[in-house]
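J.: Start from the sequences and build out the full structure, keeping to the hints where you can.
There are 2 protein chains.
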Amino acid sequence: MLYLIGIGLSDEKDITVKGLEAIRQCDIVYLESYTSKLQVGVDKLEEFYGKKVVAIDRNFVEDGSGIIEKSKETNVALLVVGDVFGATTHMGLILRLKKESIGYEIIHNASILTVVGETGLELYKFGRVASIPFENSNIESPYDVLKENGDLHTLFLLDLDTKKNKFMRFDEAIEYLLRIEGKRKEGIFDDNKLCVVCCGLGSKKQVIKARGFDDLLKEKIDIFPQCLIVPGKLHFVEEEMLEIFK
Amino acid sequence: MLYLIGIGLSDEKDITVKGLEAIRQCDIVYLESYTSKLQVGVDKLEEFYGKKVVAIDRNFVEDGSGIIEKSKETNVALLVVGDVFGATTHMGLILRLKKESIGYEIIHNASILTVVGETGLELYKFGRVASIPFENSNIESPYDVLKENGDLHTLFLLDLDTKKNKFMRFDEAIEYLLRIEGKRKEGIFDDNKLCVVCCGLGSKKQVIKARGFDDLLKEKIDIFPQCLIVPGKLHFVEEEMLEIFK
Chain A
-19 MLYLIGIGLS DEKDITVKGL EAIRQCDIVY LESYTSKLQV GVDKLEEFYG
31 KKVVAIDRNF VEDGSGIIEK SKETNVALLV VGDVFGATTH MGLILRLKKE
81 SIGYEIIHNA SILTVVGETG LELYKFGRVA SIPFENSNIE SPYDVLKENG
131 DLHTLFLLDL DTKKNKFMRF DEAIEYLLRI EGKRKEGIFD DNKLCVVCCG
181 LGSKKQVIKA RGFDDLLKEK IDIFPQCLIV PGKLHFVEEE MLEIFK
Chain B
-19 MLYLIGIGLS DEKDITVKGL EAIRQCDIVY LESYTSKLQV GVDKLEEFYG
31 KKVVAIDRNF VEDGSGIIEK SKETNVALLV VGDVFGATTH MGLILRLKKE
81 SIGYEIIHNA SILTVVGETG LELYKFGRVA SIPFENSNIE SPYDVLKENG
131 DLHTLFLLDL DTKKNKFMRF DEAIEYLLRI EGKRKEGIFD DNKLCVVCCG
181 LGSKKQVIKA RGFDDLLKEK IDIFPQCLIV PGKLHFVEEE MLEIFK
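Protein chains in written order, with my numbering: chain A, -19 to 226; chain B, -19 to 226.
Since the hints were made in silico from the structure, they are not lab data. Only a predicted model underlies this, so the values are computations on that prediction, with no experimental measurement involved. Where a beta carbon is used, it is the ideal one built from N, C-alpha and C, also for glycine. Please note: incorrect hints may appear among the correct ones.
Pairwise CB distance ranges, derived in the manner of DEER restraints [to be verified]: (1) A:Asp7 <-> B:Gly162: 53 to 59 Å; (2) B:Glu199 <-> A:Gly72: 50 to 56 Å; (3) A:Glu85 <-> B:Gly30: 24 to 30 Å; (4) A:Arg38 <-> B:Lys144: 46 to 52 Å; (5) A:Asp23 <-> B:Asn145: 46 to 52 Å; (6) A:Asp131 <-> B:Pro113: 20 to 26 Å; (7) B:Ser45 <-> A:Glu120: 37 to 43 Å; (8) A:Asp7 <-> B:Asp195: 38 to 44 Å; (9) A:Gln5 <-> B:Leu158: 42 to 48 Å; (10) B:Lys185 <-> A:Gln5: 17 to 23 Å; (11) B:Gly30 <-> A:Ala35: 34 to 40 Å.
Once the Cα atoms are required to be at most 30 Å apart in a straight line, the calculated BS3-like pairs of lysine-lysine come out as [as the list claims (entries may be wrong)]: (12) A:Lys173 <-> B:Lys127; (13) A:Lys189 <-> B:Lys79; (14) B:Lys213 <-> B:Lys165.
To list a few chain B residues with every Cβ distance to chain A over 12 Å, as calculated [stated by the list, open to error]: (15) Val22; (16) Lys32; (17) Ala35; (18) Asp37; (19) Thr54; (20) Glu115; (21) Asn116; (22) Lys143; (23) Glu161; (24) Lys163; (25) Leu197; (26) Glu199; (27) Ile203; (28) Phe204.
T.: Structure (structure tokens):
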């Protein structure tokens, strides 16, 4: 049996009671450690869960064979930072569990996709989400998403490499969008456009700033992961909330 | 001090450990009881949390004065089904807390907006979310959202009235879209279009079905709340996942 368990965004106590009870029934506890990062280390998780937690990398999850084999023999937990369905890779895993008739249970948690509500921007006014990868010299799709989203808000998830402890900063994301704007000149990201940056969202350390991008380019904030929101048309309550973060 | 706490979608054990610890420090525990519904009653919550839980209605939350006054005096919890930012009303509350310098903490949880990942549809391929209200005879905006979302997936949240224990069914939502299609004839919702319906999502009772709408109109499922997804362009892994729910 495999339990796929979202563990939230901040620390060891963001797990649900249901998730914690499931972990305590498992002989093997894997942590998917490459899609995001908590504000605490694995040692904190181990101490609180009372189980050894094995950090696994992308290959191990995408290949899936190790997880599948163990799940045939015993109760296995696969912990995912945020909610279980942030990343694409779990669908392949679930399909294989279905095909091999291995039982599984999904235990949900908060995701960056809804925690951005902390900014005061209404969730139902967000358009499609975009990701900005480190390797972006030939990529313009995030700019296209911003363009297509029009009056809707656009959330950009920024790349990270937990193995190297490397996280994209919001100013890099702004510079990326400015570079594409400079090339395409479609007026999608110019005029010191208002941006909302979120650092360590969902944790006690979280920092949210809402300013024109010129101002934000001067700021360095060392709390990660970070994300960037380019708001669309604002309702006056949203404007009032953003005032708080100016 | 006010704790705004998401309690997830299914039962008393979907609360996070952090949320549970916060509740246990509170003298007053309110439950926002009108935006959605768990699969268990308030009695189960009270038993598990070890606190009296007071169900409050829309007026009490939107007016906010009762919550604000109590939060000045003592520790108060406001429990919200799903995550805290599904509904619009909390921003007004948070603005007032800020203005009156009353401390607050937000404790997140799973939301229907990400739990729809259980269908196998990729979250980053969803466009804007739409709601279909009971009173929809003069409303066409959900159809417009479907149209604007184009190749992206569209999630329709269906109205409910917990006081009257009344929930919109997916077949009513399909009939609504067919009515607008019949009027506007833009070819947005026709040709027995594939739909994904979710009933009691995030709970053990959950039912997901993916079929053409003609088939779905013949089905009655008595598990609530329900939502309707009209998928956009499908990736082959998404298609494979939807096969499971045919």
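J.: Which numbered hints does this structure break?
T.: 2, 7
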